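Chains as they are written, first to last, in my numbering: chain A, 37 to 238; chain B, 37 to 238.
Please keep in mind that the hints were generated in silico from the structure rather than gathered at the bench.
Among the hints, erroneous ones may be present.
You can't tell identical chains apart in this list, so a pair holds if it fits in one copy or across any two.
What the hints assert, rightly or not - Straight-line distance between alpha carbons at most 25 Å, and here's what the computed SDA-like set of lysine to any residue pairs gives:
(1) K180 x P209
(2) K180 x R220
(3) K77 x R54
(4) K180 x D55
(5) K180 x E206
The structure displayed is predicted, hence computed values, not measured ones.
2 protein chains.
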Amino acid sequence: MNPAKARTGRRAGDSGTRDAILNAARAIFAESGYDGTTIRKIAADAGVDPALVHHFYGTKERLFVDTMRFPAVPSDTLRPVLESNRRQLGETVVRTLLAVWDDPHFRGPALGLLRSAVTNEQAARMLRQFIASTILALLARTAKPEDAELRSALVASQVLGLLLARFVLELEPLASASTDELVRSVGPTFQRYLTGDIRRGH
Amino acid sequence: MNPAKARTGRRAGDSGTRDAILNAARAIFAESGYDGTTIRKIAADAGVDPALVHHFYGTKERLFVDTMRFPAVPSDTLRPVLESNRRQLGETVVRTLLAVWDDPHFRGPALGLLRSAVTNEQAARMLRQFIASTILALLARTAKPEDAELRSALVASQVLGLLLARFVLELEPLASASTDELVRSVGPTFQRYLTGDIRRGH
Numbered sequence: 037m038n039p040a041k042a043r044t045g046r047r048a049g050d051s052g053t054r055d056a057i058l059n060a061a062r063a064i065f066a067e068s069g070y071d072g073t074t075i076r077k078i079a080a081d082a083g084v085d086p087a088l089v090h091h092f093y094g095t096k097e098r099l100f101v102d103t104m105r106f107p108a109v110p111s112d113t114l115r116p117v118l119e120s121n122r123r124q125l126g127e128t129v130v131r132t133l134l135a136v137w138d139d140p141h142f143r144g145p146a147l148g149l150l151r152s153a154v155t156n157e158q159a160a161r162m163l164r165q166f167i168a169s170t171i172l173a174l175l176a177r178t179a180k181p182e183d184a185e186l187r188s189a190l191v192a193s194q195v196l197g198l199l200l201a202r203f204v205l206e207l208e209p210l211a212s213a214s215t216d217e218l219v220r221s222v223g224p225t226f227q228r229y230l231t232g233d234i235r236r237g238h
Numbered sequence: 037m038n039p040a041k042a043r044t045g046r047r048a049g050d051s052g053t054r055d056a057i058l059n060a061a062r063a064i065f066a067e068s069g070y071d072g073t074t075i076r077k078i079a080a081d082a083g084v085d086p087a088l089v090h091h092f093y094g095t096k097e098r099l100f101v102d103t104m105r106f107p108a109v110p111s112d113t114l115r116p117v118l119e120s121n122r123r124q125l126g127e128t129v130v131r132t133l134l135a136v137w138d139d140p141h142f143r144g145p146a147l148g149l150l151r152s153a154v155t156n157e158q159a160a161r162m163l164r165q166f167i168a169s170t171i172l173a174l175l176a177r178t179a180k181p182e183d184a185e186l187r188s189a190l191v192a193s194q195v196l197g198l199l200l201a202r203f204v205l206e207l208e209p210l211a212s213a214s215t216d217e218l219v220r221s222v223g224p225t226f227q228r229y230l231t232g233d234i235r236r237g238h
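Just chain A, same shape as in the assembly (with noise of 0.2 Å):
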């Protein structure tokens, strides 16, 4: 058993600070962005101490992985994809890609999340930031150090496109396309998206 868990989990009023924190921390993301938001706003509006707010929620992404009921937490999922060998970067980001959105478990909650983005202004601009905070900071960690910003917004253009197509669309033969088909045929893409020219046509 998680020994935080064990110290933490068993503590008269635990639930209802987590709850409160939870509410405060929901709020605020909405009104402030993810990146207007600090945990010593939040730990402010619900009434604790910013240290409290660290020891049950570690850092501001896990916190808004909780409180959006975000299905994973961007820094672990990624773990594949930065400690791939630099040339198979592009192969490992589909294979990992896939090997998450392939699970239902995962594809309910980030559908979801991904709808409400496309219909509400405000969700929008809070994934927007999210996504830039965590998934493209450590996607630019992989890129050329030039234009490491463009490189991983190319990366998510795609990321997005390829989702949207094979299961919101479900597009055909992309919808029951197999990993290693998409290895072939879009690992080539985002590998010279981060590794490649993207400055010069041909």
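Using the hints provided, position chain B relative to the given structure of chain A.
Showing chain B alone in chain A's frame:
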């Protein structure tokens, strides 16, 4: 003035007949999807001769475009891509896409349709079939014959993702990238999907 308009625009009862056709079309497209709908069925439901539907709307594609208030007719919009020099296909796809989508008169209604497809299963099915029967079918004619369907679906996935990132989530630096920057960064992706090797990783 369009002679067809001059000939048909002033006949008594025309606008009532057009409305009856559009109402029938709306109901049948929603019930049977794009593929399952025929001009004959719509005519029967509207109580008119199929020839009259053809006279007013030409093709099923144009009737769908009018029914759904789809902001452009794909077979018109994609003409530059179909007529493109083979080696400039990728660049032409980017330029054609942005010429249409950077126009707010197109973008507003088009995003509305995309939003409803993302949130509503019936709308997703209609849009999927319409995209497959029109846009993807046209794109497939520009692609290498081997895997032409997969190739055009891959193009669609990068198009959808680019639209989502640039216009819905407004991810920077993609949201404010110039057409020329996108030609250089994304053009080669479309070029490879349509004409390159998509069966072998690297």
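Consistency of the hints with the structure:
1. Taking the shortest Cα distances, K180 and P209 sit within 25 Å of each other only across copies (16 Å), while inside one copy they are farther apart (32 Å).
2. For the homomeric pair K180 and R220, the shortest alpha-carbon distances inside one copy (22 Å) and between copies (17 Å) are both at most 25 Å.
3. Taking CA atoms no more than 25 Å apart as the test, K77 paired with R54 passes inside one copy only; the shortest distance there is 15 Å, against 59 Å between copies.
4. With identical chains, the CA atoms of K180 and D55 are never at most 25 Å apart, being 42 Å at best within one copy and 57 Å at best between copies.
5. Taking the shortest Cα distances, K180 and E206 sit within 25 Å of each other only across copies (23 Å), while inside one copy they are farther apart (33 Å).
In summary, the one numbered hint that this structure violates is 4.
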